[in-house]
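The chain contents come next:
There are 2 protein chains.
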Amino acid sequence: MEDKTIRLQLSETKKEKPNSDQLIFGRAFTDHMFVMDYSDPLGWHNASIVPYQPLMIDPSAMIFHYGQSVFEGLKAFRTADGEVQLFRPQKNFERLNLSSDRLCIPPIDEEFALKAIKQLVTVDKEWVPDAEGTSLYIRPFIISTEPYLGVAPSRHYKFIVILSPVGAYYKEGINPVKIAVENKYVRAVKGGTGEAKTGGNYAASLKAQEDVSKEGFAQVLWLDGVEQKYVEEVGSMNVFFKIGGEVVTPKLNGSILAGVTRNSVIELLKHWGIPVSERRISMEELYQAHQDGLLEEAFGSGTAAVISPIGQLTWDGKDMVINGGNTGEISQKVYDTITGIQYGKVEDPFNWIVKVEAKSAVKH
Amino acid sequence: MEDKTIRLQLSETKKEKPNSDQLIFGRAFTDHMFVMDYSDPLGWHNASIVPYQPLMIDPSAMIFHYGQSVFEGLKAFRTADGEVQLFRPQKNFERLNLSSDRLCIPPIDEEFALKAIKQLVTVDKEWVPDAEGTSLYIRPFIISTEPYLGVAPSRHYKFIVILSPVGAYYKEGINPVKIAVENKYVRAVKGGTGEAKTGGNYAASLKAQEDVSKEGFAQVLWLDGVEQKYVEEVGSMNVFFKIGGEVVTPKLNGSILAGVTRNSVIELLKHWGIPVSERRISMEELYQAHQDGLLEEAFGSGTAAVISPIGQLTWDGKDMVINGGNTGEISQKVYDTITGIQYGKVEDPFNWIVKVEAKSAVKH
Chain A
13 MEDKTIRLQL SETKKEKPNS DQLIFGRAFT DHMFVMDYSD PLGWHNASIV PYQPLMIDPS
73 AMIFHYGQSV FEGLKAFRTA DGEVQLFRPQ KNFERLNLSS DRLCIPPIDE EFALKAIKQL
133 VTVDKEWVPD AEGTSLYIRP FIISTEPYLG VAPSRHYKFI VILSPVGAYY KEGINPVKIA
193 VENKYVRAVK GGTGEAKTGG NYAASLKAQE DVSKEGFAQV LWLDGVEQKY VEEVGSMNVF
253 FKIGGEVVTP KLNGSILAGV TRNSVIELLK HWGIPVSERR ISMEELYQAH QDGLLEEAFG
313 SGTAAVISPI GQLTWDGKDM VINGGNTGEI SQKVYDTITG IQYGKVEDPF NWIVKVEAKS
373 AVKH
Chain B
13 MEDKTIRLQL SETKKEKPNS DQLIFGRAFT DHMFVMDYSD PLGWHNASIV PYQPLMIDPS
73 AMIFHYGQSV FEGLKAFRTA DGEVQLFRPQ KNFERLNLSS DRLCIPPIDE EFALKAIKQL
133 VTVDKEWVPD AEGTSLYIRP FIISTEPYLG VAPSRHYKFI VILSPVGAYY KEGINPVKIA
193 VENKYVRAVK GGTGEAKTGG NYAASLKAQE DVSKEGFAQV LWLDGVEQKY VEEVGSMNVF
253 FKIGGEVVTP KLNGSILAGV TRNSVIELLK HWGIPVSERR ISMEELYQAH QDGLLEEAFG
313 SGTAAVISPI GQLTWDGKDM VINGGNTGEI SQKVYDTITG IQYGKVEDPF NWIVKVEAKS
373 AVKH
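Chains as they are written, first to last, in our numbering: chain A, 13 to 376; chain B, 13 to 376.
Do not rely on the hints blindly, as some may be mistaken.
Each pair may be met inside one copy or between any two copies, as identical chains are not told apart.
What the hints assert, rightly or not - No more than 30 Å apart at the CA atoms, straight line, and that leaves these computed lysine-lysine pairs for DSSO-like:
1. K226 with K183
2. K196 with K357
3. K103 with K196
4. K130 with K226
5. K196 with K130
6. K16 with K219
7. K226 with K27
8. K263 with K27
9. K196 with K330
10. K130 with K202
11. K263 with K26
12. K190 with K219
13. K241 with K367
14. K16 with K330
15. K27 with K345
16. K196 with K263
17. K29 with K282
18. K103 with K330
19. K190 with K16
20. K357 with K241
21. K29 with K190
22. K29 with K183
23. K26 with K219
24. K345 with K219
25. K27 with K241
26. K226 with K26
27. K241 with K29
Note that these hints are calculated values from the structure, not bench results. Computed from a predicted model, the values in this text were never measured in an experiment.
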């Protein structure tokens, strides 16, 4: 039987909190973190909330050599009445376990993990910012820590959750970006790790991003690794297009990450009765639709931005300006609704919200 | 100007050395390690040999999330007269920088890195075992350490070298293994990170290896990620076949690692006048050659095993026994020659050997 108590060791000092208008994604961290160990045959044990602190890890630990790791990203939002709530956290832990399976990492108890992040966020609840568009980013991750250089699944792991207060993604309203279609580098391929949220996929993406940044593009649009013809993702987001009144997004094929926001967008569109389908989409089809005046909107979806409208897509030197470079109607509506649900301003017909149950007594 | 002095802090205690007949690859580490830091704009600095110790790294460091890392593997050998020598170490640092370029990691000074490992091996020279077939494994690696959750190249790194005494790969003579051709999972694809020695490639390989181990296979043979028709690597080694008198190995195509042993095998075969070519090899061709009695030998090449003969290849349920399941003549000759050069028993016409210049005063 695994021990399911969470030991609590509070920090003796408290860090100064950054101003909510100076928050930069992923730079500042709260006073505490959650840590749990795995070893063979003990299983997951020693769940603790401890002061945020450096990890002491042997230089031969597998994470430093063979990249066996998985992670998740979600947010806690402060509502107008001071409550703190999460958006579909169960989906994140469900996906964490799917990622872990691909990476030969033992599964965690999803319910217990949810309890752990609720408790951690409660301990650091003063860190959940309340300015418009701000939130507390939650980063659960698992790393392989066995001190062994053999190429084999590790027998020791750490499951850690850290928290970072983040500013509004859009300081001056939702803003379309220019995207370059990537023809040289590939993010993932069928049979690879593309549908797992693991470090290697992100490491593989850095070079392409660096190259297109120099040319003034915000992100790359990734094509499939087999034929380099079909759309997969945009940057580290899923991607949607509105073509002749229908919203389409690439079908999950093994090399595409099953985004929680992606799923939420699809459910919302269905709820509204807007035609939406998941299928294979070629660049040729997008280009033809654009030529025919049928490529009406394009946007990325992800936890950080929620919705990131694409104002221009550049493919083999051909610029496709979409919706006059402006945010489309559906992009805006989906953005407003999802963020509205997240901050408790809009009704939540899907039961997506999970309360942290920590009514803040702190004055803002 | 980067500071190129190496600070030396010797360990106050010395660990007990494992017996040379009980050495397990990558489990025991020596008394010291080399560490060097990188930060923007300082560059690489603070080169030190320090006692082997855990790393203190912030939990938000990029290595734990986005897998930005590279590594190398080489060995130090003790000759009959007690000298310690390296095998083609320049190739490893050349490749490390190529890997780093793909992963957006700043390059290191290859000459300085060689100086550093020579000095480190000299400090721990008593750890270089002298029993038949044993050696000191050298693992240089670079990890991204900036405490930041944004997906972007890190601005802080650590270059570390650790040492591990390793036993003979073959305890009872070179030994052919059974290999399964992998049809489901893919290690790498054109446009991906396959030609870089980075953690993600190894993380991606674990699941396939785990699956075939259960069926009694030693390793998988990886096919290309595009068509899953063409041979790429075997386990974490390069692969060679002797077909009708000619030795062939897959051509470096961007998704195959440019192995130092691979290159040494090719140079040796050319030196001997044995026909060798680098080209695309399909499974269909191998199967046909086997049917025609022309698939004479097959072997993997890598730092750990040097040569690993393949006695059986299983593809889609079809077993191909190669050379009656025995080690082939060329496999054996290449193995004997490379290991002979490494241990100073055979003449080195290629200048592959680099002396550590630490004539051991230690009695064995």
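Results of checking the hints against the structure:
For a Cα distance limit of 30 Å, the shortest separation of K226 from K183 inside one copy, 23 Å, qualifies, whereas the shortest one across copies, 54 Å, does not. For the identical chains of this complex, K196 and K357 are neighbours neither inside a copy (43 Å) nor across copies (46 Å), given an alpha-carbon limit of 30 Å. With identical chains, the CA atoms of K103 and K196 are at most 30 Å apart between copies only, with a shortest distance of 26 Å across copies and 33 Å within one. Neither within a single protomer nor between protomers do K130 and K226 lie at most 30 Å apart by alpha-carbon distance, with minima of 41 Å and 39 Å respectively.
In this assembly of identical chains, K196 and K130 lie within 30 Å of each other by CA distance neither inside one copy nor across copies; the values are 42 Å within and 38 Å between. For the homomeric pair K16 and K219, the shortest alpha-carbon distance between copies (29 Å) is at most 30 Å, but the shortest distance inside one copy (42 Å) is not. Neither within a single protomer nor between protomers do K226 and K27 lie at most 30 Å apart by alpha-carbon distance, with minima of 37 Å and 50 Å respectively. For the homomeric pair K263 and K27, neither the shortest alpha-carbon distance inside one copy (44 Å) nor that between copies (55 Å) is at most 30 Å.
Within a single copy, K196 and K330 get their C-alpha atoms as close as 16 Å, which meets the 30 Å cut-off; across copies the closest is 36 Å, which misses it. With identical chains, the CA atoms of K130 and K202 are never at most 30 Å apart, being 36 Å at best within one copy and 42 Å at best between copies. In this assembly of identical chains, the alpha carbons of K263 and K26 never lie at most 30 Å apart, being 46 Å within a copy and 58 Å across copies at closest. In this homomeric assembly, K190 and K219 come within 30 Å of each other (Cα to Cα) only inside a single copy, at 18 Å, whereas the closest approach across copies is 37 Å.
For a Cα distance limit of 30 Å, the shortest separation of K241 from K367 qualifies neither inside one copy, at 43 Å, nor across copies, at 51 Å. Taking the shortest alpha-carbon separations for K16 and K330, neither the intra-copy value of 56 Å nor the inter-copy value of 48 Å comes in at or below 30 Å. Neither within a single protomer nor between protomers do K27 and K345 lie at most 30 Å apart by alpha-carbon distance, with minima of 38 Å and 65 Å respectively. Taking the shortest Cα distances, K196 and K263 sit within 30 Å of each other both inside one copy (22 Å) and across copies (19 Å).
Proximity of K29 and K282 under a CA criterion of 30 Å is satisfied in neither setting, with 41 Å inside one chain copy and 66 Å between copies. Taking CA atoms no more than 30 Å apart as the test, K103 paired with K330 passes in neither setting, with 38 Å inside one copy and 41 Å between copies. For a Cα distance limit of 30 Å, the shortest separation of K190 from K16 qualifies neither inside one copy, at 48 Å, nor across copies, at 43 Å. In this assembly of identical chains, the alpha carbons of K357 and K241 never lie at most 30 Å apart, being 41 Å within a copy and 54 Å across copies at closest.
Taking CA atoms no more than 30 Å apart as the test, K29 paired with K190 passes in neither setting, with 34 Å inside one copy and 59 Å between copies. Taking CA atoms no more than 30 Å apart as the test, K29 paired with K183 passes inside one copy only; the shortest distance there is 20 Å, against 59 Å between copies. Proximity of K26 and K219 under a CA criterion of 30 Å is satisfied in neither setting, with 38 Å inside one chain copy and 43 Å between copies. In this assembly of identical chains, the alpha carbons of K345 and K219 never lie at most 30 Å apart, being 34 Å within a copy and 41 Å across copies at closest.
Proximity of K27 to K241 under the C-alpha cut-off of 30 Å is found in neither arrangement, the shortest distances being 49 Å within a copy and 56 Å between copies. Proximity of K226 to K26 under the C-alpha cut-off of 30 Å is found in neither arrangement, the shortest distances being 40 Å within a copy and 51 Å between copies. Proximity of K241 and K29 under a CA criterion of 30 Å is satisfied in neither setting, with 47 Å inside one chain copy and 56 Å between copies.
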